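Protein chains in written order, with the numbering used here: chain A, 1 to 321; chain B, 1001 to 1288.
One or more hints might be untrue.
[What the hints assert, rightly or not] Cross-link-like lysine-lysine pairs, in silico, DSS-like; alpha carbons within 30 Å at most:
| no. | chain 1 | residue 1 | chain 2 | residue 2 |
| --- | --- | --- | --- | --- |
| 1 | B | Lys1037 | A | Lys140 |
| 2 | B | Lys1272 | A | Lys135 |
| 3 | B | Lys1282 | B | Lys1272 |
| 4 | A | Lys139 | B | Lys1235 |
| 5 | A | Lys132 | B | Lys1128 |
| 6 | A | Lys4 | B | Lys1128 |
Derived from the structure by calculation, the hints contain no laboratory data.
Note that the coordinates shown come from a computational prediction; the quantities given were computed from them, not determined experimentally.
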Amino acid sequence: MKRKRYALTCTILILLLIAGIALDLNAGYAKIPLSELFTGNPVLLNLRLPRVLACVLVGAGLSLSGSVLQGVTRNDMAEPGLLGINAGAGLAIAAYILFVQGGHTNYSVMMPILAFIGSGTVFLIEYRLASKNGKVSSKKLLLVGVAISLAVSSLTTILMLRMPDSEYAFVQNWIAGNIWGADWQGVIMLTVGILLIGSVIYYFSRTLNGLMLGHSIAVGIGIDPPKASRRFLTGAIALSALCASVGGGLSFIGLIAPHLCRRLVGPNYQNLLPACALCGGVIMVFADIISRTWFLPYEMPVGITAAIIGAPYFLYLLVKE
Amino acid sequence: MNETVTQEAQNSLSSNPETSTPYAMQGIQLKIGYSQKTIIPEMSVRIPRGAITSIIGPNGCGKSTLLKGLARIIPVQSGTVLLEGKPMKDMPTKMIARQLALLPQGPEAPAGLSVRELVSFGRYPYQKGFGTLSKKDREIVEEAMRATRTDMLADRAVDQLSGGQRQRAWIAMALAQDTPIILLDEPTTYLDMAHQLEILELLQRLNREKKKTIALVIHDLNLAARFSDYLIAMKDGEILHEGTAEQIMTPSVLRDVFSLDALVEQDPWTNKPTMISYRLLKDENQSK
């Protein structure tokens, strides 16, 4: 019964994802028949397809990252955006563009690594500040996260003020959550990274299940919570940093997708993780379609659309608590 | 090696005349607490094998802290915990989890987790890698649900159950761990009298039929006296008295431990000592 429902949910998500990808490929200024994908239309093949795929992958990665953060911190509102992990990545990348690339905004493989360093540093600081006697208060972590996130964003703005106008606009756009670096190189990097980290997390999903039940239960069944938490958090931050380096400051995706999935398939991580990856992809691809069609001739950064959908959902969760 | 450790343990507990340890767990000169605050300065404690042991005492006396120290939930600051005569700190935590299950106070299951899923998480210490449940795992999970009569709730969400049902589901998870020892921190708190009784009868059945060693923290003294083979009475981080219900449920012990003036009689149904009535000692002094 339960298995059937799970299979059905995943099938629906996969179908939605395929439909979303097909629609998104055609969401743009010029309409191109999808059949030209096979005849090698360069706009579809080299511009739109990698962008759409990057979008899906970023959604999947952020959703996975959020679900892991929520389980480990035992806080349903933990999420890479709200915890300021993405802001840390933003600061690191803005600094790189300004000081190393001399204001040039071409994408480089250094960026995910820098994003990871930025995200990791921010999270370590927050973790320190939110813990007392070796115990981390998950509520405090969220509050500290919001504060640090604001501080880090301000620092990023200070850096940006020193950039020439075009680069300023570019970084501004990126921080708002715009899929860039969306060439095949980016897609391959995202695919490999998410598959690798995602499978390791999935392989240890039963440990994640134990952590979700709280410190005492986890110890009782033979988990070493501090050690296990550190590993999962590193994985979650690596995932979100990778996504931030391509997708910028996307908030709320890591919050909404895991939440919806818990409703759909339950909290057991063995079911939750695959559903989260699919659901994150679906939400991002539809947010992207909205960004690219509703405001023509302009294209809005997909992060703005995600925030417009995500903020009310977050408020709803807060009120429900 | 193990024998010498056991010997040392017994030498340090000079009151123990036995040659082979009759204790499932022992704590030797334990100091337990949190980084700044020591709750238990020095304590030696023994949990007899195959018995139900209740830890009683007033609020804040360190009952839960003791249980958490024994179950490695909080690290002991000094001293040794012996599990079947072996120092626990030398054992991998997964191996400990095969011998010792713990039900903490007021555990919370995430919304939507089914009873069967929760109980199957108890198999963690036996699983490797991705951890698909083996046939044996599944049999043990079903058996744990039958023993706690949660089998008919198997597909229900734990967070939707009543207090008593939920507690039985958590006990089923501990049972699925298939350990000879189960520690429980206030398993009856927040339950009504009938459900308290139900939980304790379940524990008694597990003790008698499956030969489980059970130790629990409990507030209700009459229930503790009725169901326990051994009682440990604590106050201010120390053990004041320990022994059988007949030795502990006496007016003088209750005065020492709880500052209560208690009227104790034999319960005609259970033949166990039971408190008929009680009052605060202070009030009595004031009224005189």
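Here's how the hints hold up against the structure:
1. About 22 Å separates the Cα atoms of Lys1037(B) and Lys140(A), which keeps this hinted pair within 30 Å; it holds.
2. For the hint pairing Lys1272(B) with Lys135(A), the CA-to-CA distance comes to about 43 Å; that exceeds 30 Å, so the pair is violated.
3. Restraint check for Lys1282(B) and Lys1272(B): satisfied, since their Cα atoms lie roughly 28 Å apart, inside the 30 Å limit.
4. At most 30 Å may separate the alpha-carbon atoms for a hinted pair to count; Lys139(A) and Lys1235(B) exceed this at roughly 34 Å.
5. Between Lys132(A) and Lys1128(B) the alpha-carbon distance is near 33 Å, which puts this suggested pair outside the 30 Å criterion.
6. A threshold of 30 Å between alpha carbons decides the hint, and for Lys4(A) with Lys1128(B) the separation of about 26 Å falls inside it, so the pair holds.
Consistency note: the structure conflicts with the earlier hints numbered 2, 4 and 5.
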